[in-house]
Amino acid sequence: KAGVTQTPRYLIKTRGQQVTLSCSPISGHRSVSWYQQTPGQGLQFLFEYFSETQRNKGNFPGRFSGRQFSNSRSEMNVSTLELGDSALYLCASAPISGDTQYFGPGTRLTVL
Amino acid sequence: GEDVEQSLFLSVREGDSSVINCTYTDSSSTYLYWYKQEPGAGLQLLTYIFSNMDMKQDQRLTVLLNKKDKHLSLRIADTQTGDSAIYFCAESFQAGTALIFGKGTTLSVSS
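As they're listed, the protein sequences go chains A and B. When the count follows the numbering used here, it moves up by one through the first sequence with no breaks and lands on 112 for the last residue. When the count follows the numbering used here, it moves up by one through the second sequence with no breaks and lands on 111 for the last residue.
Treat each hint with caution, since some may be false.
Which residues of chain B face chain A? A partial, calculated answer using Cβ under 10 Å [claimed, not checked]:
1) Leu45
2) Ala95
3) Lys103
Beta-carbon label-pair distances, calculated as ranges [stated by the list, open to error]:
4) B/Ala41 / A/Arg73: 17 to 23 Å
5) A/Ser97 / B/Met53: 32 to 38 Å
6) B/Gln80 / A/Leu112: 14 to 20 Å
7) B/Gln80 / A/Gln17: 40 to 46 Å
8) B/Leu8 / A/Phe69: 36 to 42 Å
9) A/Pro8 / B/Gly15: 37 to 43 Å
10) A/Phe69 / B/Asp78: 40 to 46 Å
11) A/Gln17 / B/Ser108: 36 to 42 Å
12) B/Val19 / A/Thr5: 30 to 36 Å
13) B/Ala41 / A/Thr80: 28 to 34 Å
In silico BS3-like cross-links for lysine-lysine, where the CA-CA straight-line distance does not exceed 30 Å [unchecked claim]:
14) B/Lys103 / A/Lys13
15) A/Lys57 / B/Lys103
16) B/Lys36 / A/Lys57
17) B/Lys56 / B/Lys67
18) B/Lys68 / B/Lys103
19) B/Lys70 / B/Lys36
20) B/Lys70 / A/Lys57
21) B/Lys68 / B/Lys56
22) B/Lys70 / B/Lys56
23) A/Lys57 / B/Lys67
24) A/Lys13 / B/Lys36
25) B/Lys103 / B/Lys70
26) A/Lys57 / A/Lys13
27) B/Lys36 / B/Lys56
28) B/Lys67 / B/Lys103
29) B/Lys103 / B/Lys36
30) B/Lys36 / B/Lys67
What the hints contain is simulated information worked out from the structure, not anything from laboratory work. Just so you know, even glycine gets a beta-carbon here, dropped at the ideal spot from N, CA and C.
Okay, chain B solo, but in the shape it has when bound (with noise of 0.2 Å):
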């Protein structure tokens, strides 16, 4: 089945790394996304990584994945209070299209 499971918050401070998890169930899911999403506006692509790859660094981001165990993660460096917002992990099998959304993991940073 097609499943997508992230916590739900998350609190850091500022200037701390900020790590949200994310695990699926499908292993032919061929992309693996993370969007932002800050209150009111759409989803922001953040970053996403071929299933054939184990980690793709941006910038402040680093995306981990951890096929065997069907894991993915995204590490924030550096968090700052504007990257407060909610982050979803997203699965597909085909390139930019149907997508199926984690329920989202809420970051909430602090000064």
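Excised from the complex, chain A in its bound form (with noise of 0.2 Å):
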């Protein structure tokens, strides 16, 4: 089976814009999850999304949505960026009846 893929793998982008990066998760796999990984916050959850539905959210701002299709593909935006927002955004995928979490390579925002 082909892994968590995640598209672009890096972005550069400057402050205000708005970005989107998408997350195909192992087929057969209903939830997806993103995080955001800096060198000053470490790992954090931002939201799991399954069967289209937000079923967890982290602790971040409005300005981090995501959503998921119907094929389970899930896409986050981040809008009006901030420095603060270059990180490794990580999304991670999970079957219905499963207890792990399996990663994609993550996309690396660098916001100038």
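Make the complex out of the two chains shown on their own, each in a separate frame, by following the hints.
See below:
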């Protein structure tokens, strides 16, 4: 089975812009979660989508949003980018009855 | 509150055993995980344990859980240079989502 894929792998944006990141889960997985990884804050949970509905949410401002499509692919959007949004954004998928998450390689976002 | 603590660095010689420690504060956590991250890569699941277990062994990896002290450890037997990476401990109340991670332990293996 193919693993979790994320596109693009690298992205450079400027302050004030918005960005959309994409994640394709492992085939058959319906849960997709997003995490932000920074040197200062470490790995932090953003939100989880299951069957096109947001099921869990971390403690991030409303500028961070997401959605999931009927094929379980998910997108994450960050509006009005700030320098502090520079991070590695990781997507993870989990099967319906699974106990574990499988991570993609991440999208490295740099905000200038 | 929710917090996962790990020591930041561990240095071992090739062939030795490595023990990476983690403490968590929320006794409601049901699942406890160990992930490995190599430079420029995502997270690789190594192993996990349910909170009602004390120990789990998987080839060179042994996970020990002390629920009373909220302490989790990962032992890597016969550590190899390819084991050099950052190791993250994580907890979750719900299977397969909303993981709370520690800051990671950098394991350096010298030959």
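Would you check the hint for A/Lys57 and B/Lys67, treating anything up to 30 Å between C-alpha atoms as holding?
Holds - the C-alpha atoms of B/Lys67 and A/Lys57 are around 27 Å apart, at most 30 Å.
Just to be careful, I want the Cα atoms of B/Lys67 and B/Lys103 compared with a cutoff of 30 Å; is the pair within it?
holds, 21 Å
Regarding the pair B/Lys103 and B/Lys36, is the alpha-carbon distance no greater than 30 Å?
Roughly 12 Å between the alpha carbons, so the hint for B/Lys103 and B/Lys36 holds.
Holds or violated: B/Lys68 to B/Lys56, with C-alpha atoms at most 30 Å apart:
Roughly 17 Å separates the two Cα atoms, so the pair holds.
Kindly confirm whether 37 to 43 Å is satisfied by the beta carbon distance between A/Pro8 and B/Gly15.
holds, 41 Å
Note whether the CB distance of A/Gln17 and B/Ser108 lies within 36 to 42 Å or breaks it.
holds, 38 Å
If I claimed the Cβ atoms of B/Gln80 and A/Gln17 lie 40 to 46 Å apart, would that claim hold in this structure?
For B/Gln80 and A/Gln17 the Cβ distance comes to about 44 Å; the hint holds.
Does the Cβ distance between A/Phe69 and B/Asp78 fall inside 40 to 46 Å?
Given a distance of about 45 Å, which is inside 40 to 46 Å, the answer is holds.
For the pair we were handed, B/Lys70 and B/Lys56, check the Cα-Cα distance against 30 Å.
Answer holds: B/Lys70 to B/Lys56 is near 16 Å, not above 30 Å.
Given a hinted range of 36 to 42 Å, is it respected by the beta-carbon distance of B/Leu8 and A/Phe69?
39 Å Cβ-Cβ, so the 36 to 42 Å window holds.
Is the Cα-Cα distance between B/Lys103 and A/Lys13 30 Å or less?
holds, 27 Å
Satisfaction of the hinted span 32 to 38 Å by the C-beta atoms belonging to A/Ser97 and B/Met53
Check failed, 18 Å falls outside 32 to 38 Å.
Hint compliance for this structure: hints 5, 6 are not met, and every other hint is.
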